[in-house]
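Peer 1: Could you put together the complete structure from these sequences and hints?
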Amino acid sequence: MTDVLRVQDLRVHYHTPSGPVRAVEGVTFSLKKGERLGLVGESGSGKSTTVLALLRMLKDPAKIEGGQVLLDDVDLLTLSDAEMRAARFARIALIPQGAMNSLNPVMRIKNQLGDTIKYHNGNLGRSEMTAKIQKLLESVGLDKGVADMYPHELSGGMKQRVCIAMGISLQPAVILADEPTSALDVVVQRQVMETLGKAQEEIGASLILVGHDMGLMAQFVHKIGVMYAGKLVEVGPVNDIFEEPLHPYTQLLIASLPSLEGKGVFKGIPGITPSLLNPPPGCAFHPRCPKVMDQCKVKAPVFQEVRPGRWVSCHLY
Amino acid sequence: MTALLEARNVSKTFGAGLFNKKHTVALQSASLTLSDERPSITAIAGESGSGKTTLARILLGITQPTSGDILYKGQALSKLDRATWKTFRREVQAVFQDPFEVYNPFYNVDHVLTTPISKFYPNAGHAETRQIMEDALRSVGLRPEETLGRYPHQLSGGQRQRIMVARALLLKPRIIVADEPVSMVDASLRATILESLLNVHKQFNISLIYITHDLTTAYQLSENIMMMYQGAVVETGDVDLVIKQSQHPYTQLLVDSIPLPNPKLQWGQRDFTQRTQSNGAGPNLGCRFADRCPHVMSICREKLPPLYQTDERRSVACYLYKDAPVAEVAVAA
Ligand SMILES: Nc1ncnc2c1ncn2[C@@H]1O[C@H](COP(=O)(O)OP(=O)(O)OP(=O)(O)O)[C@@H](O)[C@H]1O
Ligand SMILES: Nc1ncnc2c1ncn2[C@@H]1O[C@H](COP(=O)(O)OP(=O)(O)OP(=O)(O)O)[C@@H](O)[C@H]1O
Ligand code: SF4
Ligand SMILES: [Mg+2]
Ligand SMILES: [Mg+2]
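Chains U and L supply the protein sequences, listed in that same order.
All residue numbers in the first sequence are consecutive under the numbering used here, ending with 379.
All residue numbers in the second sequence are consecutive under the numbering used here, ending with 495.
Hints are computed from structural coordinates only; laboratory data are not their basis.
Remember, predicted model here, so these are calculated numbers, not experimental data.
Treat the hints loosely; a few may be bogus.
Cut-off 16 Å, straight-line C-alpha distance, at most; resulting in silico cross-link-like pairs (EDC-like, lysine to aspartate or glutamate) [stated by the list, open to error]:
#	chain 1	residue 1	chain 2	residue 2
1	L	Lys364	L	Glu199
2	L	Lys406	U	Glu323
3	U	Lys325	L	Asp400
Peer 2: If you want it as structure tokens, here you go:
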């Protein structure tokens, strides 16, 4: 199957007074039609920055320093601002981090959904619009009465569903969801994720899910990308990543996961997240890596396919 | 035998004031006992808005309960004399989510740590203060030379959180109440912070109250658990029983919905109603879970179920177990 999205050597820096923060430093991956990719990694490893860069929604002092974002072979980074605006939501849509707080508190849900639809489809007739909004709400498991409500009248899970409805309203080819359920409890989280999954499958979109929750990833995605200090260090099918992680960081990450098996055992990763202002030389993980070798301290490993479908950036392979 | 800290049927209703007719029953008759002899770890779990923080704040003496009592060494908090109140404030410490958020970003770590020292040890000299700080930092696995003098933005989330554990430790407390201490951090940091908490429990015999909506870490860390739903305790007792052999339909639903970090163990197949949680202020009659419960019976809508003692070490507030005796006191540590 062909790739819908190909990201090549993407680089984003935040230009701060103390120098450039290398938040995304050469990220490469691809996504097939209908595929779900999970983007994981420590806090501050560049996940949200990557996702915002794909949409060209980064704000100062961030700057895309290089790379390509090919959506059906069109490089989004070369589009004019107007062309990019037209592509957002229609071709590639975002459900942002903390999405439920992004709803406008003084606007009824139907008007918020309507604005997105109107922007791209021009003015639909009134009854046509009402029908479209009702159908959207139903597709995310909400009562059509929600259309007339304000955000504060909805629970967190309901607001999150409204944001999903907004994200899928124009049937984009790619949906980006940045921690869409991190504020919700597990029951509601499961409902919201099942809603998102169903909606995504119905419109045949591909999806990138950003998050910390490896349990959620295991349940939801097909493929996992692990970021560390602005780089992808491993990409592979979800089963392989959980069964046999290859990169030492991924290995420690998987080992640190809590389970309902062992009690009283906690395995954190020793050491501290590297500075992105002055990243360590060589492999950025080398100061914390239990398998560090001499060359790791001086030479950056190359991100390569070490086995079919398994990409790793580590001198061990 | 008096308990170190005891909550006796505490309830809290918010906003039923003169101008605000809409009120929220945030907590309904919760009880909890922490032994004076044996330090313990108790988890308080439940969905957002279930009343966990309200209970924590009542235990800490920050919020007044609408009814019920908090007893510290057998004495009601509301009746403590000044000296005992001060001892209580020292012996029962809190760790919140990312507390540096509420601190001034221009204050460094030293400031955060010296403030409580000067309050509770007014006679400590410079060297002694430094010693207390360094000991506390080391006990949570931080190197003082790499931590002191730094500002919040120069520390990772996990380091900041451990500093707050260290801050609680400075005062040699008997109890630490940790409200969602790891909810916003990634898996590996979470493990690091919980490990520090477990270590201080073991090393200094401190009892922990761990508040979370993450059942997996609650299971790993604690011996006892209190499951809350819309302000009511629905199941409480031995954590192995509550998590591994859940009896309350809500606990069963929660445990079944935990996304396990194993792609081969898919989300449970248990049926559940699509309805999301109602926004607090539900009817006060009957079981609060009745609207979502697959086993609901007519009695469930009439009267709030009491806690039934279904095991020696567990009780459940659900009419499915009404043949068991009504629990005398909610299960204690
Ligand atoms: N406006 C900014 N100015 C300077 N640095 C920034 C800015 N925004 C983000 N950064 C830095 O860029 C890096 C990547 O941040 P990003 O938000 O992409 O991380 P993340 O992986 O999404 O983390 P989280 O899991 O906490 O959401 C971090 O080190 C962060 O401190
Ligand atoms: N100061 C307050 N005034 C009015 N209502 C309040 C107040 N504090 C809490 N509540 C309400 O009491 C209920 C319980 O809130 P609480 O903060 O104890 O929940 P929680 O279990 O800690 O939730 P979370 O997991 O989201 O932190 C909620 O419905 C909340 O809106
Ligand atoms: S009391 Fe009734 S409604 Fe409540 S959980 Fe038990 S069976 Fe369900
Ligand atoms: Mg992020
Ligand atoms: Mg809370």
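Peer 1: For each hint, tell me whether it holds in the structure or not.
Peer 2: Cross-check of the supplied hints:
Only pairs whose Cα atoms come within 16 Å are accepted, and Lys364(L) paired with Glu199(L) is accepted, the gap being roughly 14 Å. Of the supplied pair hints, the one linking Lys406(L) and Glu323(U) holds, its CA atoms being roughly 10 Å apart against a limit of 16 Å. As the CA atoms of Lys325(U) and Asp400(L) are separated by approximately 13 Å, the hinted pair is consistent with the 16 Å bound.
When held up to the earlier numbered hints, the structure conflicts with none and fits them all.
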